[in-house]
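Spelled out, the chains give:
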Amino acid sequence: MANHSYIYHYAHGFRFLPLSGLVIVGALCGGFVLALTALLQAAAPLDAPQSFYELLTSDARIGYALQSALFQAALSTIGSVIVAVPLSVVMARRYHWFGMTFLRLMTGLAFVIPTTVAASGLLAVWGRQGVINSILMAISDMTPLPLLELPSFFGLKAVVLAHIFFNAPLMIRIFLPRILSVPENHWRLARMTGMTPRDQFRYIEWPAIKAMIIPMMVLVFLFCFSSFSLVLMLGGGPAVTTLEVEIYAAIRIAYNFHLAVLLTMMQIAVAVIMLLIMLCHPLMRQTMPQAVTSIKPSSIHILSSRSKLLKILDIICVLFLFSLLILPILALFFKGLTGDLFIVLAEPVFWQALQNSLTIALTTACCVSFLAMMLAETRYQLGLINSPTRWQIVARLLLESSVMITLVIPSIVMGTTMFILLRSYADIFAIAPYLVLTANILMGLPVSYRMLSGKWVLARQQDQHLRLAYGMNRRTSLRFLIMPVMGRDIGLIFGMVAAMSMGDLGVIALFSSSDFKTLPWLLYEQAGRYRTDEASATAVLLMGVTIMVFILGSLTGRLLSRAPSMAATHVISHHKAG
Amino acid sequence: MLEIKEVTFSYAPAPKASDTLCFDLTVNAQSITVIEGASGIGKSTLLHLIAGFLTPLSGDILWQGQSICGLLPAERPVSILFQNDNLFPHLDVWTNIAIGLAANIRNSTDSRNMIEQSLSDLGIQGMNKRPIDTLSGGQQQRVALARALVRSRISLSDQSAKRSILLLDEPFSALDPEIKAECLDQVKQMVARDGLTALMVTHDPADAKNLDAVVFSLKPNS
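For the protein sequence lines, the chains are A and B, in the order given. Heads up: take any position in the first sequence, counting from 1, add 17, and you land on the working numbering. Heads up: take any position in the second sequence, counting from 1, add 256, and you land on the working numbering.
Careful: at least some of the hints might be erroneous.
[Stated by the list, open to error] Pairwise CB distance ranges (calculated):
(1) Val470(B) <-> Met117(A): 55 to 61 Å
(2) Ile445(A) <-> Pro387(B): 57 to 63 Å
(3) Ile99(A) <-> Tyr267(B): 58 to 64 Å
(4) Phe115(A) <-> Leu328(B): 22 to 28 Å
Treat the hints as calculated values from the structure; they're not laboratory data. From the three backbone atoms N, C-alpha and C, an ideal C-beta is built for every residue, glycine too.
Based on the provided sequences and hints, a complete structural model is requested.
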């Protein structure tokens, strides 16, 4: 009796979904075990270290890379939180100010904009040929003052600023809804008791976000610790590095396979520790991407102060966020559009790279959307069982952890393990597009699954009785019940994954060749050769295409969510009958 | 005496006569008044206008003959209790009450005595350090009443007047009948002991009887 609904459900043709979902989970787990085995085998003949300490001291570069990655990640995390907390408070209390809707929209930029484009944007502002330097030079020319010039942007400060560019908005998107969802009566109490902005922060805003500070810091630290493309483009040499950059350098520059294997092992160890923290800590799970909800203030009573000084400070904060997020993009647009845009467009290599990028991005988005739906359905089906057997409990656990493992393992590590696994059996560079595609799917799946599964399970639970009562078959249920509710989310996932894949400079760094390039790699090559005008133009084009594929996803979502109506058919048949 | 003189209000950005609420009533000092009326008639709106959370389109609100319309909520002689979210869940009982005295809580002997006294008056002494989520619904509303009580016992910063108006926006409607009766009794005692003027919004006609209150029924366009 306990499994009644589950059995009944199976009888209606949904059997293949959980089974195929479990096949995906099995493939992910199998792939992980296979990769680990391959790594250990690759390390074995090279006198692999037996302990973590031995691994750390086996090569001077490993210790240095770890130290450097820890330092820059710590600085980036602290910087992001220092920026995000006051800005979240300001954005909440000035919710209705002119332009705030646009600014809130721009905090979503971090989810769409490619890291290579952001790096180019920051260079367009702070670089030697950037906007700030141009202004300083112009001032120097006009006045008898000594020549003013910014120091080289590359290095630790550039990496930290780039990480703040991406992670402060991410934090704001977690903190802001929490402040806005404070009960309306608490704001009224604040007004009644005459709380100053400081009191309000102490009693209302800080308690609302406090619980998420540490989990968000852990997550951002993880992102910064395993950062690749930003460090590669802005690090300015071996002084600022991460394990990923060192893996790339070991394989593509130093040809030190031994070092690459050791670094990969270390990165996997760090990733597994992070995964355990994420799975064990309930608040950590909240920091992972969830279904997107609209942010609206609960109240108009959000600010009890009429202080002019506070207003001025808030304006400064808003301008700072504006300059942090929008100035690099504006500068990049200006530089890209006035620079070598037509030269870039005239090059066949650009069109070839664009074609490769688009093919990979759209295929990845299709595969990930489909796989995420299957996994979400599997989670729902497994949740239907009231008294699960031991293997069913194991299946549930495997589903969560196998999907999440790819979230914490950086793409470079995936690429390296693929390299190790396949180098004896195939020409790695000949199958590079497929490897990049596979890595992108693995990278897009955990985020998409997290975004889809919660709402999917809820939607399926809500219509469960209706569906069973009317004996709806799979196709009708999908068309009338699931798609109208989930369509927009599926479209969002499609757009996000396509955008992420368009801008990825991870695995391609290992497998690119003169025959196979993507747009981000082309941009990296141009920037590396100091062809900054060409790089800016490519960055603008890359951003344009990325935004277009994201919009394509949103439009697809709208189309999918359009609830089919039988009313028209009914009217026509009624007239015929009459 | 609390006078609400031809006060009008509308939630619409461009108000028309049909969606404008009008209030005109006089409440005797040191009494309990119950506001009744259908849902959406503007009972809570009236309390929020008196508290200063909303600004009237026209009309005036007078307390002891003086207009309070231009004052900020914190400057008005008012304490309010809502149906829910009266307390900050991350603070303990003592701090929640102390906020009523001054938002930048000062731990003086006077304030400590005042809080202890209010806890004792409401029969919740010994709960000082209890987190809010460990209290029952009835206990939580009594803590909120205790905060209103301490507020009524201190003078407003620049005046000799005290916060003698107690606004109750259905604060006990979610409680079971026994606890609700006890809370209503506490309100009655507070009004009698401290000379407060209470306005309570309710849907339950029995509340007016239990409080020996004057009843105002709000009607459309009344």
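Evaluation of the provided hints:
no.	hint	in the structure
1	Val470(B) <-> Met117(A): 55 to 61 Å	violated, 46 Å
2	Ile445(A) <-> Pro387(B): 57 to 63 Å	holds, 60 Å
3	Ile99(A) <-> Tyr267(B): 58 to 64 Å	violated, 39 Å
4	Phe115(A) <-> Leu328(B): 22 to 28 Å	holds, 25 Å
Comparing the model with each earlier hint shows violations of hints 1, 3; every other hint is respected.
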